[in-house]
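Listed in order, the protein sequences are those of chains A and B. Using numbering that gives the first Met the number 0, you'd call the opening residue of the first sequence number 0 and step up by one each time. Using numbering that gives the first Met the number 0, you'd call the opening residue of the second sequence number 0 and step up by one each time.
The set of hints was computed from the structure by calculation and includes no laboratory data. Take these hints with a grain of salt, some might be off.
[Unchecked claim] Within a straight-line C-alpha distance of at most 27 angstroms, the following computed DSSO-like cross-link-like pairs (lysine-lysine) qualify:
id : chain 1 : residue 1 : chain 2 : residue 2
1  : A       : 233       : B       : 24
2  : B       : 170       : B       : 222
3  : B       : 210       : A       : 233
4  : B       : 135       : B       : 170
5  : A       : 175       : A       : 120
6  : B       : 159       : B       : 170
7  : B       : 143       : B       : 161
8  : B       : 199       : B       : 159
9  : B       : 222       : A       : 233
10 : B       : 135       : A       : 233
[Stated by the list, open to error] Negatives, chain A to chain B, calculated, CB over 10 angstroms:
id : residue
11 : 74
12 : 89
13 : 149
14 : 153
15 : 166
16 : 168
17 : 205
18 : 223
19 : 233
20 : 236
Heads up, the beta-carbon is just placed ideally off N, CA and C, and yes, glycines get one too.
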Amino acid sequence: MGGYGDVQLLREDGLRLDGRKLDEMRPVTIEAGILPAADGSAIVTHGLNVAVAAVYGPMEAHPRKIQRQDRAVIDVRYNMAPFSTSDRIRPGFNRRSREISKVTAESLESVVLVERFPRSKIRVEIEILAAEAGTRCAGITAASVALADAGIPMRDMIVGVASGKVEDTVVLDLDKAEDNYGQADLPVGILPNTGEIAFLQMDGDLSPEEYNLAMEYNFKAASEIHEIMVDALKRRYDGGGN
Amino acid sequence: MSQGQNGAELRLVTPGMAIGPSAGKRIGSGAVAQNEEIIATKLGWAREINDTVSVDPINSSYIPRSGDLVVATVAEVRNNLWFMDINGAFQGLLPMSLAPWKVEFGAARQHMGIGDAALARVQEVDECHNVVLTMKGVGLRRIKQGSLLTIPVNHIDRIKGKDNLTLERLKNSSDCRIIIGQNGKVWVDGDAEGIAWARKAIQIAQDHGHKNTFDAEISAHEKNAPNRGDV
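Start from the sequences and build out the full structure, keeping to the hints where you can.
As structure tokens, this is what we get:
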């Protein structure tokens, strides 16, 4: 038993408190093109998380000092709505949202063909409407679908997934209790077609064996979520083809 | 799965999806070669014509090219030039030397103010995406009447049709002048009824331009055209 005190996170029958198996993720739904004013948009529900992403651009980068002569910059703004958690969040940027915006922008820059749009800016707004652990993963998945919906060229989409450790056991897709009282959290951004990793963060400690198992879970979940992402984009343009 | 105009199968692909082996194929727009495979970079319809594999994007932004006819609106005015909104990432620059009028220094505002629209042509685009426009040329002028509409850039060819036939049908049916800028801005000029009908046709292009039901939708709309005699 690790983590904080004696909080029990696994049941006697080996299942988790919400009845999931160790390698089972929460239900995921994705819908593309939900915001008419945006060039591309998506909503992702991942368990009780709700993330909306909107993409605008490419547009001229302002202020001029952020322009890059050979490529576009991706300007990500991740924000949690004040009502997204049980305790009201003070509106506006904070240290955490700044960090998540930065890692999301850097991961998206690794897949978007930014060299096609010199001096431009692609603005990605991620709004978390409801939070229950794993919002950065839901946000990055939503941003990927929104970028594809906006017609921004990318060499792959990014799927955000997380595994972790509770009661010395590796589990996939931590919920709020597991995230708060567990021993480790390993969110990653996976490129499902190439198997590359666009971002990886780790909070807590994992042994090499636990890390390998967590990554195995993550890749399995990424493949499942990727199918849902593709399905969402295909549904949006159902009946297409000229 | 849909059928293309030549009967070939079209496949909806998403970014990162493998379209097929790259050996012996040329890579068109919307795709890249990676590890001996052709990978889609955009959401759209994969197409292979003459051994060239490309992706027709479902959504894309306007990338100006030299020679494009655009419908532009004035965004900013300086003493000797106008900054024009051309529906792209960057504004186009129209210097007074390329305007159709003799403009005195400081009098640019008297000819076109902010919000005014004009038909212009892209004179030059440099590697940093600076766009220079010209209004010197046949038919290029300030737009003083009619209605400005917007269509997705990737549906322009669809609404024009082969040899501009669909566009001609729309012009005849609405009894309006219709000019489609390469930047996705459409100028429609005629009577109110014709403009309203054309507006609805443009809306159909927006909603159904990527679908194979587009021609049927336009044909159905033509039955309500103000000028049905010419159809």
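Just want to verify: residue 153 of chain A was marked as not at the interface with chain B; is every Cβ pair farther apart than 10 angstroms? 4 angstroms, violated
Verify that the Cβ of residue 74 of chain A lies farther than 10 angstroms from every Cβ atom of chain B, and report whether the claim holds or is violated. The claim holds: residue 74 of chain A sits with its nearest Cβ about 13 angstroms from chain B, beyond 10 angstroms.
Quick one: work out the minimum CB distance from residue 223 of chain A to chain B and report holds if it exceeds 10 angstroms, violated otherwise. 15 angstroms, holds
Hint check: residue 159 of chain B vs residue 170 of chain B, CA-CA at most 27 angstroms. Holds or violated? 11 angstroms, holds
Does the structure keep residue 143 of chain B and residue 161 of chain B at a Cα separation of 27 angstroms or less? Roughly 30 angstroms between the alpha carbons, so the hint for residue 143 of chain B and residue 161 of chain B is violated.
Holds or violated: are the alpha carbons of residue 175 of chain A and residue 120 of chain A at most 27 angstroms from each other? Distance ~35 angstroms between residue 175 of chain A and residue 120 of chain A Cα, so the pair is violated.
Has the given pair, residue 199 of chain B with residue 159 of chain B, been kept, meaning a C-alpha gap of at most 27 angstroms? The hint holds at about 15 angstroms.
Does residue 233 of chain A clear chain B by more than 10 angstroms, comparing its Cβ with all Cβ atoms of that chain? The assertion about residue 233 of chain A is violated, with a minimum of 6 angstroms to chain B.
Would the hint linking residue 135 of chain B and residue 170 of chain B be met if the CA-CA limit is 27 angstroms? 26 angstroms, holds
Beyond 10 angstroms from every Cβ of chain B: is that where the Cβ of residue 89 of chain A lies? 35 angstroms, holds
Within 27 angstroms, alpha carbon to alpha carbon, are residue 210 of chain B and residue 233 of chain A? 12 angstroms, holds
Does residue 205 of chain A really sit off the interface, with its C-beta more than 10 angstroms from all C-beta atoms of chain B? 28 angstroms, holds
Hint check: violations occur at hints 5, 7, 9, 10, 13, 14, 19 and 20; the rest are consistent with the structure.
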